[in-house]
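Chemist: So the protein lines, in turn, are chains D and C.
Read in order, the letters of the first sequence are residues 38 to 400 in this note's numbering.
Read in order, the letters of the second sequence are residues 23 to 346 in this note's numbering.
Be aware that one or more of the hints could be misleading.
Unchecked claim - Computed list of chain D residues with no C-beta within reach of chain C, every gap over 12 Å:
id: 1; residue: A45
id: 2; residue: A60
id: 3; residue: A68
id: 4; residue: I79
id: 5; residue: I139
id: 6; residue: K172
id: 7; residue: V195
id: 8; residue: S205
id: 9; residue: P220
id: 10; residue: W258
id: 11; residue: Y289
id: 12; residue: L341
id: 13; residue: I344
id: 14; residue: R364
id: 15; residue: Q371
What the hints assert, rightly or not - Some chain C residues close to chain D (C-beta under 10 Å, calculated; not the full set):
id: 16; residue: Q30
id: 17; residue: Q112
id: 18; residue: V119
id: 19; residue: Y265
Said to hold, decoys possible - What follows is a list of derived Cβ distance ranges for each label pair:
id: 20; chain 1: C; residue 1: I296; chain 2: D; residue 2: T260; range: 48 to 56 Å
id: 21; chain 1: C; residue 1: W134; chain 2: D; residue 2: R212; range: 52 to 60 Å
id: 22; chain 1: D; residue 1: V48; chain 2: C; residue 2: A217; range: 51 to 59 Å
id: 23; chain 1: C; residue 1: S82; chain 2: D; residue 2: R396; range: 55 to 63 Å
id: 24; chain 1: D; residue 1: L199; chain 2: C; residue 2: T220; range: 43 to 51 Å
Bear in mind the hints are in silico, worked out from the structure with no lab data behind them.
Backbone N, C-alpha and C define an ideal beta-carbon position, used for all residues, glycine too.
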Amino acid sequence: MDKLPRWADVVLVPLICLIIAFAFCGILIAAIGQSPLQAIWIMIDGSFGSTNGLGYTLYYATNFIFTGLAVSIAFQASLFNIGGEGQATLGGLGVALSCLLIPWPHWSLALLGSLAAGAAFGAAWGLLPAWLQAKRGSHIVITTMMFNFIAYALMNYVLVNLLRPMGSMDPASARFDKAYNLPKLGDILGLVGIPFSSKNPANITFLIAIALAVGVWALLWHTRLGYALRAFGKQEKAALYAGIDPVKITIYALLLSGGISGLMAVNAVQGAAHRLVLNSVEGAGFIGIAVALMGRNHPFGIVLASILFGFLYEGGSQLAMGTTIPREVITVLQALVILFTGALPYMVQKPLEQLFAKRGGAK
Amino acid sequence: MDLASFLQILDSTIRLATPLLFACLAGLYSERAGVFDIGLEGKMLVAAFAAAAASYATGSVWVGVLAGIGASCLFAAIHGLASITFRGNQLISGVAVNFLASGLTVVLGASWFQLGGQTPALVDGMRFAEIVFPFAAAPSDTGDLGLIGGIYSHVLSGHSILVYVALACVPLTWWVLYRTRFGLRLRAVGENPAAVDTAGVSVTGLRYAAVGITGVLCGLAGAYMSMGLSAGFLREMTAGRGYIALAALIFAKWRPWYALIACLLFGLLDAIAIRFQNIDIGVLVIPVQFTQALPYILTVIILAGFVGKAIPPRAGGEAYVKER
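All chains should be built: construct the whole structure from the sequences, respecting the hints.
Modeler: So this is what it looks like as structure tokens:
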């Protein structure tokens, strides 16, 4: 059977999956007695109708770009890292420690410090599962999942017992110095004369995320390490013959993946919350899985998919505010996207392949 | 610690271990047949919701159980379809099932009951009654019964029927797996599906059967959560128990009797974490968060193979493709 043309694989398959997922959610919304068309209009208007809504969309998208890239870089090496949640949680700890303990003279230096600390803590949380997979054969999906829960317990301990300011009941750290607040996206766009609201949490980290996506693309397709990662992911035995060390590659892949997950905290913790709270990741680590699948494991696709999910996320909040539809309808949509793009690819891909084969035969 | 609180901890250990045990055995059937299932959590959650909703609507706990099993089996069927028929990625399918349950229960719950995703509190006939053994003191009786009498009256007696069903499932599972033809084939299909296929037995049929059993057992786990352990459904009420069950399964190295031990151990840890906050053992204080994380830490250690090696079924996670 002929393979799909490339454009069909990267555009048509995700699009069809998305349409099916939307259709299911439309039916669900209709089933609970609401209007699907009105719901989608509220979502679009809320997330793209104003620069403030767009700012929230881009803020969420920034989180998902990081976690999506993290999942995909491990996917490229055929490793399914579902520990993004835990790695980003630890990244948050790194960012918070950097902002709380080191007296930075300027926000730009604080940002560099946070980037380094977030990446280092996230990577460290990915190191042990990677080592266990490479050396002891422990299944990485299970170990990274366990590490998510361990991270949550650890964060709970650290916040309640160590970082919580005296007299506070909240399991959260003290607020960071106001001088470390990152420049808002609105302020940056204002410099070049584009009017954009600054009342939303979108900040400079969005630009860093975009730059990182380009960086990941360059790494994967234009460096020796990227080649080794992809070769290892495609055909482990062949990679072995080519002299690629499986232990090293597994560890590098998870260090990169964990580090990128950890960077998410720069956006969420330093950029938006300005303090470390218990659940700073809010499920973004898991959305990264949907984003990576939807974006067909390519950085460009991941940026687009992240903006889509940012829209869904912000749209979901708008729904919860404007209607009686709970925002969890977005969780259902996310589940369906994961199901159709990740777990049921043959359901969409096979009929398409047959369709294209038929058309090819007719010519 | 006095006898009464010791007995109380044992009592809640059994209660808390029950949903774990159901889910753990559920995972055992699926994974022994070569279908990885990280969607235990989602199936438990959707079952807990369906059970509580149906029980509230009809006033009958048994309709609730059936609804829970039905919902869980439906989700199991999605997983089966994705991982057996369409040969998709079983892990990703499990992740999807978990999210689907987490979103769907809140959306439907919020629109049906207008309580922000939870069901109204279940009363009397909508919940499981407690079974009191013959000669056992009533659960409210706090008189001194001695160690043996106390264990009989306050630990073994006084649970709902599902607790005893869960315990009975352990020897039953052992018998099915190791003493029946179905069990032999089930284990074979998880180790070497090609051999089963060559013998003329349907790999697909066996795997669907296993996934179906998983659905039923997860349904019971969920039903117990919302109608036995508590009185009604709360959003995200399974709170990671499906993952702990998965951890217990690995801890038990996919064997039924060890699954019982692992679930009781993790149930005990849960009971301790609920009862005591931080435990002072003289030299240092063990924070409650450590007790909560211990099941996961123990599982990682087991997985690492430092204390005996946990080897999953060989064909686990792979769809079977008939050779042509």
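Chemist: Confirm or reject each hint.
Modeler: Hint-by-hint comparison with the structure:
| no. | hint | verdict |
| --- | --- | --- |
| 1 | A45 | holds (19 Å) |
| 2 | A60 | holds (15 Å) |
| 3 | A68 | violated (8 Å) |
| 4 | I79 | holds (16 Å) |
| 5 | I139 | holds (26 Å) |
| 6 | K172 | violated (9 Å) |
| 7 | V195 | violated (9 Å) |
| 8 | S205 | holds (18 Å) |
| 9 | P220 | holds (34 Å) |
| 10 | W258 | holds (24 Å) |
| 11 | Y289 | holds (20 Å) |
| 12 | L341 | holds (20 Å) |
| 13 | I344 | holds (20 Å) |
| 14 | R364 | violated (9 Å) |
| 15 | Q371 | violated (6 Å) |
| 16 | Q30 | violated (24 Å) |
| 17 | Q112 | holds (8 Å) |
| 18 | V119 | holds (8 Å) |
| 19 | Y265 | holds (6 Å) |
| 20 | C:I296 <-> D:T260: 48 to 56 Å | holds (51 Å) |
| 21 | C:W134 <-> D:R212: 52 to 60 Å | violated (41 Å) |
| 22 | D:V48 <-> C:A217: 51 to 59 Å | violated (42 Å) |
| 23 | C:S82 <-> D:R396: 55 to 63 Å | holds (56 Å) |
| 24 | D:L199 <-> C:T220: 43 to 51 Å | violated (60 Å) |
Of the numbered hints listed earlier, those contradicted by the structure are 3, 6, 7, 14, 15, 16, 21, 22 and 24.
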